[in-house]
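Same order as they appear, the protein sequences are chains H and W. Residue numbers for the first sequence follow this note's numbering, so the first one is 35 and each next one is one higher. Residue numbers for the second sequence follow this note's numbering, so the first one is 62 and each next one is one higher.
None of these hints come from the bench; they were simulated from the model. A virtual CB, placed ideally from N, CA and C, is assigned to each residue, including glycine. Don't take each hint at face value.
[Said to hold, decoys possible] Pairwise CB distance ranges, derived in the manner of DEER restraints:
| hint | chain 1 | residue 1 | chain 2 | residue 2 | range |
| --- | --- | --- | --- | --- | --- |
| 1 | H | Arg95 | W | Pro100 | 23 to 33 Å |
| 2 | W | Asp167 | H | Glu39 | 44 to 54 Å |
| 3 | H | Lys92 | W | Thr143 | 41 to 51 Å |
| 4 | H | Asn65 | W | Asp99 | 19 to 29 Å |
| 5 | W | Gly77 | H | Glu113 | 33 to 43 Å |
| 6 | W | Thr138 | H | Thr112 | 25 to 35 Å |
| 7 | H | Glu73 | W | Val113 | 29 to 39 Å |
| 8 | W | Gly77 | H | Gln94 | 43 to 53 Å |
| 9 | W | Thr81 | H | Asn37 | 44 to 54 Å |
| 10 | H | Arg95 | W | Asp167 | 19 to 29 Å |
| 11 | H | Gln79 | W | Ser172 | 18 to 28 Å |
These are the residues of each chain, in order.
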Amino acid sequence: GENVEQHPSTLSVQEGDSAVIKCTYSDSASNYFPWYKQELGKRPQLIIDIRSNVGEKKDQRIAVTLNKTAKHFSLHITETQPEDSAVYFCAASENDKVIFGPGTSLSVIP
Amino acid sequence: DAGITQSPRHKVTETGTPVTLRCHQTENHRYMYWYRQDPGHGLRLIHYSYGVKDTDKGEVSDGYSVSRSKTEDFLLTLESATSSQTSVYFCAIGQGGLNQPQHFGDGTRLSIL
Numbered sequence: 035g036e037n038v039e040q041h042p043s044t045l046s047v048q049e050g051d052s053a054v055i056k057c058t059y060s061d062s063a064s065n066y067f068p069w070y071k072q073e074l075g076k077r078p079q080l081i082i083d084i085r086s087n088v089g090e091k092k093d094q095r096i097a098v099t100l101n102k103t104a105k106h107f108s109l110h111i112t113e114t115q116p117e118d119s120a121v122y123f124c125a126a127s128e129n130d131k132v133i134f135g136p137g138t139s140l141s142v143i144p
Numbered sequence: 062d063a064g065i066t067q068s069p070r071h072k073v074t075e076t077g078t079p080v081t082l083r084c085h086q087t088e089n090h091r092y093m094y095w096y097r098q099d100p101g102h103g104l105r106l107i108h109y110s111y112g113v114k115d116t117d118k119g120e121v122s123d124g125y126s127v128s129r130s131k132t133e134d135f136l137l138t139l140e141s142a143t144s145s146q147t148s149v150y151f152c153a154i155g156q157g158g159l160n161q162p163q164h165f166g167d168g169t170r171l172s173i174l
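Here chain W stands alone, though its shape is the one from the complex:
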């Protein structure tokens, strides 16, 4: 399996609090992605990164920010968590370019009460 570690694996927090999820890779892949997974919606892209300090929005980016200060780490931040952001969050990595597969981490289950 690709060397991807997500932390924490589970988190419960309250509405209005800030939350940061971390994705760490040991594959030196250029591309990193954050998805959320909700029943009936599949995997929806939140943000992605194509290099250190280079990021772009996905289809559901509102309420989320990201940072990538090192090749191996990609952080997802919910500045003020809302109940609608309760979800399972997956990080993925890829070598980039066209026609290259992505490989997923084990996910973070986030509950916002």
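Isolated chain H (complex conformation):
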């Protein structure tokens, strides 16, 4: 089955700097890759997703890149703000399901 790895597990950046979270997946048949943000005590919320026919997608300060050959995908957050502090999860599709990575705890230091 699908296996998703995520790095780093924790990340601290200064406000205004960029943050990058990287994920790898094992199943070459996966073709959908969502990213979720979870604030402390809250539900995971979808922030961006990418499909396998696209190499990059942007939404304001957030971008995701996908390299299907290498089975890598990454989340890029530019001009980080304190409200970006949260746990971020990547995921990869497997048939009717998605398999989640273990999460990255991002801290943005004012």
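Using the hints provided, position chain W relative to the given structure of chain H.
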């Protein structure tokens, strides 16, 4: 936010007792999922449903059962709760098919003493 309601939101119970968690949706989505979330493990799929009375196992299904008698309700049952099942449980819904996002409920914090 997607119309998903989980109940109860918090529960404390004792080892060996049965526990049922409920997920209710108002979006008429075909797919419903139960996850557990534990530190260092992210979100792990317990069971999911792709229609009324149609369910399948996820990666951590042992000790759990589910039922879906109506489109809007998906129940997760711990027949005899163990301390290892202490966790935060999230329900999610989706329209189904490939490339469709899931949306999560607010979670149920379950403590088994």
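Hints and how they fare:
1. H:Arg95 <-> W:Pro100: 23 to 33 Å: Holds: the Cβ-Cβ distance is about 28 Å, inside 23 to 33 Å.
2. W:Asp167 <-> H:Glu39: 44 to 54 Å: 28 Å, violated
3. H:Lys92 <-> W:Thr143: 41 to 51 Å: 45 Å, holds
4. H:Asn65 <-> W:Asp99: 19 to 29 Å: 28 Å, holds
5. W:Gly77 <-> H:Glu113: 33 to 43 Å: 52 Å, violated
6. W:Thr138 <-> H:Thr112: 25 to 35 Å: Violated - the Cβ-Cβ distance for W:Thr138 and H:Thr112, about 45 Å, lies outside 25 to 35 Å.
7. H:Glu73 <-> W:Val113: 29 to 39 Å: Between H:Glu73 and W:Val113, where Cβ atoms are some 34 Å apart, the hint holds.
8. W:Gly77 <-> H:Gln94: 43 to 53 Å: 50 Å, holds
9. W:Thr81 <-> H:Asn37: 44 to 54 Å: Since the Cβ atoms of W:Thr81 and H:Asn37 sit about 31 Å apart, the hinted range of 44 to 54 Å is violated.
10. H:Arg95 <-> W:Asp167: 19 to 29 Å: 26 Å Cβ-Cβ, so the 19 to 29 Å window holds.
11. H:Gln79 <-> W:Ser172: 18 to 28 Å: Holds: the Cβ-Cβ distance is about 25 Å, inside 18 to 28 Å.
Taken one by one, the earlier hints fail for this structure at numbers 2, 5, 6, 9, listed in ascending order.
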